[in-house]
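*Asks:* Top line first, the protein sequences correspond to chains A and B. Taking the numbering used here, the leading residue of the first sequence gets 17, the next gets one more, and so forth. Taking the numbering used here, the leading residue of the second sequence gets 1489, the next gets one more, and so forth.
Treat the hints as calculated values from the structure; they're not laboratory data. If you're wondering where the values come from, they're calculated on a predicted model, not measured in any experiment. C-beta: ideal position from N, C-alpha, C; glycine also. There's no promise every hint is true.
Below, a sample of chain A positions facing chain B; criterion: calculated Cβ distance under 7 Å [said to hold, decoys possible]:
no., residue
1, Ala33
2, Ala34
3, Ala86
4, Ile88
5, His90
6, Asp204
7, Val205
8, Val206
9, Glu212
10, Tyr213
11, Asp216
12, Asp228
Derived CB-CB ranges, DEER-like [what the hints assert, rightly or not]:
no., chain 1, residue 1, chain 2, residue 2, range
13, B, Lys1563, A, Phe266, 44 to 54 Å
14, B, Lys1622, A, Gln134, 50 to 60 Å
15, B, Asp1518, A, Gln134, 47 to 57 Å
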Amino acid sequence: MIPVSTPTTTTSLQITAARPYPELLDLPWQVPLEEWPEHHLAALPRGISRHVVRFVKLGSRVLAVKETNAEIAHREYRMLRLLNRLEVPSVQPVAVITGRTAPDGEPLNSVLITRHLQFSLPYRALYSQTLRPDTAKRAVDALAVLLVRLHLTGFYWGDVSLSNTLFRRDAGAFAAYLVDAETGELYDVVSDGQREYDLDVARTNIAGELMDVVASGALDADMDEVLAISDRIISRYRTLWQELTEPESFGRGDRWRVDARIRRLNELGFDVGELAITTDIDGTTVRIEPKVVDAGHHSRRLLRLTGLDAEENQARRLLNDLDAYRAATDRQSDDEEIVAHDWVAAVFEPVQRHVPRELRGKMEAAELFHEVLEHRWYLSERAGRDVGIEEAVDSYVVGVLPDKPDERAVLGVDTEAIRVIADR
Amino acid sequence: MATVTFDKATRIYPGGDKPAVDALDLHVEDGEFLVLVGPSGCGKSTSLRMLAGLEDVNGGRILIGDRDVTTVPPKDRDIAMVFQNYALYPHMTVADNMGFALKIAGTPKDEIKRRVQEAAKILDLEAYLSRKPKALSGGQRQRVAMGRAIVRQPQVFLMDEPLSNLDAKLRVQTRTQIASLQRRLAVTTVYVTHDQVEAMTMGDRVAVLKDGLLQQVDTPRRMYDHPNNVFVAGFIGSPAMNLLTLDTTDGGVKFGDTVHPVERAALAATGDKLTLGVRPEDLELSDQGLPVIVDVVEELGADAYIYGTLRGEGGPAGGDLQVIARVDGRRPPEKGSTVHFTPKAGHVHLFDDKSGLRIGA
């Protein structure tokens, strides 16, 4: 892709983008972002930022626009493109605009434009009702996974925080996305010092952010509870890092442990690209050291089998249902791809079709399916019998879904007023 | 508070063939403000990160005070990176925004209150402690962010291009604030910038790096008056020093139709060419000397800068060379005219044509 420059006739506005976005020229770049008229803006929940950030409606899209200086904007744009190519969960950069001037000739800051991540929520929106400690924990867990992935990729963040992260629902948990790459740097290998610093910054920032939520009245927690949650980033990160990278030694007779390790890593959602196996001189001890290449094991498997794009836990949930379907229809010996195709046609799609069109913006297809499965389990338990998927989806659409917030893009609602049901 | 010592500290990136920082020897005094400056890729940020514990040290040592911290994790080094997290928490008061990290560290309440008060006094924020950040001006918010680092009372402050995300006006303002604040706190500070003006205006001493090698470390004055080599001479000062490659002759170097005298011993040590450096303010209009065609006259009131071309002489391959000179602003020469310059006596810097090193005093 070639960066394009689109100079306009009236100003020296320079647009750098991976592909042309002529619509961008319709926005009032000659006005400071803080003063943009309401009709351009999408009232989405915003995180804390040291810059002016606004969400902007442009056609059917919602874009995040951040004012900063040209050098930082270009640098972050390049970094986000690189992270996207490395398949790190991060926001997608759209363009950098420099050379803005007000009508009186006063130069204005440059902007970095990213695409708003559909169905994503900043941590403040997760807590905009009352926070249950569980929500905070799940957000921190998701951030730990993201941080491990980033470090494995060679990315040192420099400013890890809940504010610099967006969260998407992932089958009752959250999946975290990097939003702010301003302080980040990409290396071949991230040093231990950099990992430790990122963790220390993360812990401090998370505690500060939670203390702020407490001060706002949205969270009822004492200092010990806040610290327990912020300390969790360290313990979760270390456990995951160790499982992913630590060498393991065992006797020759225990070679099943090689397979067990790979399974455990897959369970955590990571794929093993390479496994260094060394045997000591007398051949009694085997030492394995996995090289984890990528996260998203279940997502990729689901995509390969069904073409459905889902978060990791959602994918695992869907694959479990697919496996159950395979067993129930006694088709274990059939080709996996063929059974998957039938499952999509017979189970997954009918659930989606049951949802009235006006309720479809409420949540992603995969999250909806997960919710219906949860609801079916709940109904079955209450009824003391196995409730079918059709009955479950009917009951869900009538009794549960209408009360859910619209999460595709929470338009036309003030940040403070967004009702987000983070906990069921 | 403490000294900082780089003792032959070396950083080689995995797969790199030459060190990003090469056997750096540098001693920062207790309470000193040292600025690391140099062009992109010179190793200044890597040096700072080695001190912060973010980069592995592949050779040599780093000491804070007498303590060898080469392998100590970042959080145990008693250092503070300033400005990394500028975002303030909107629902918390200024006092809480400044003191929350101490709360996390389990510091007793009274102690937190005392340190926040002290920092607020230094930062001129006492009247705002119970307010929310929203009620503060841009500059005040910036000071709250500084307060966050100050209340931790670290042994060393580290600052990596802290002004880079500010607009030009706020940058100059904050530059002055940081420098005066550092002097009041007297905490050892290592500051990285690519901007030599920032370096010269802020540092007690300035260390210039290039290609991972320390070129010179000196006070701004000394660095300006006595650059050790051609690189430092050209890098420090704005507008830059004129560096002319000139033919040597009996008793000196040819400066247009004049001869600038050079000591015999210095001449003997060099070949048939040497590099002569002269700052724009040290060139004087004359009837003879170096002939320069005036391309641009930049009038600044009291002074004017002349940007001219020296035809076919003095350039690296005998090509054209731009010469910058400061002249009286009331009577500047006209654009397009040819004028002659001679250097002021005692204000000439001589460098070896090949090694680039300073010749003589």
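*Asks:* So, for every hint listed, does it hold in this structure?
*Replies:* Structure-based check of each hint:
The interface hint given for Ala33/A is violated, since its Cβ lies 22 Å from the closest Cβ of chain B, which is over the 7 Å cut-off. Proximity of Ala34/A to chain B is violated relative to the hint, the smallest CB-CB distance being about 24 Å (cut-off 7 Å). Interface hint status for Ala86/A: violated, as the beta-carbon distance to the closest one in chain B is roughly 11 Å, over 7 Å. The closest approach between the C-beta of Ile88/A and any C-beta of chain B is roughly 6 Å, which is under the 7 Å cut-off, so the hint is satisfied.
Checking His90/A against chain B: minimum C-beta separation of about 13 Å lies over 7 Å; hint violated. Below 7 Å, beta-carbon pairs count as interface contacts, and Asp204/A has one with chain B at about 5 Å; its hint therefore holds. Below 7 Å, beta-carbon pairs count as interface contacts, and Val205/A has one with chain B at about 6 Å; its hint therefore holds. For Val206/A, the interface hint is violated, since its Cβ never comes within 7 Å of a Cβ in chain B; the closest pair sits about 9 Å apart.
With a cut of 7 Å, the hint placing Glu212/A at the interface with chain B holds, because the nearest CB-to-CB distance is about 5 Å. A least Cβ separation of about 4 Å between Tyr213/A and chain B falls short of the 7 Å threshold, and the interface hint therefore holds. The beta carbon of Asp216/A is positioned within 7 Å of a beta carbon in chain B (closest approach about 5 Å), and the interface hint is therefore held. Annotation: interface hint on Asp228/A holds; nearest CB of chain B at approximately 4 Å, less than 7 Å.
Taking the beta carbon of each, Lys1563/B and Phe266/A are about 34 Å apart, not inside 44 to 54 Å as hinted. Here the CB-CB span from Lys1622/B to Gln134/A is close to 30 Å, at odds with the stated 50 to 60 Å. Roughly 55 Å separates the CB atoms of Asp1518/B and Gln134/A, a value that falls within the hinted 47 to 57 Å.
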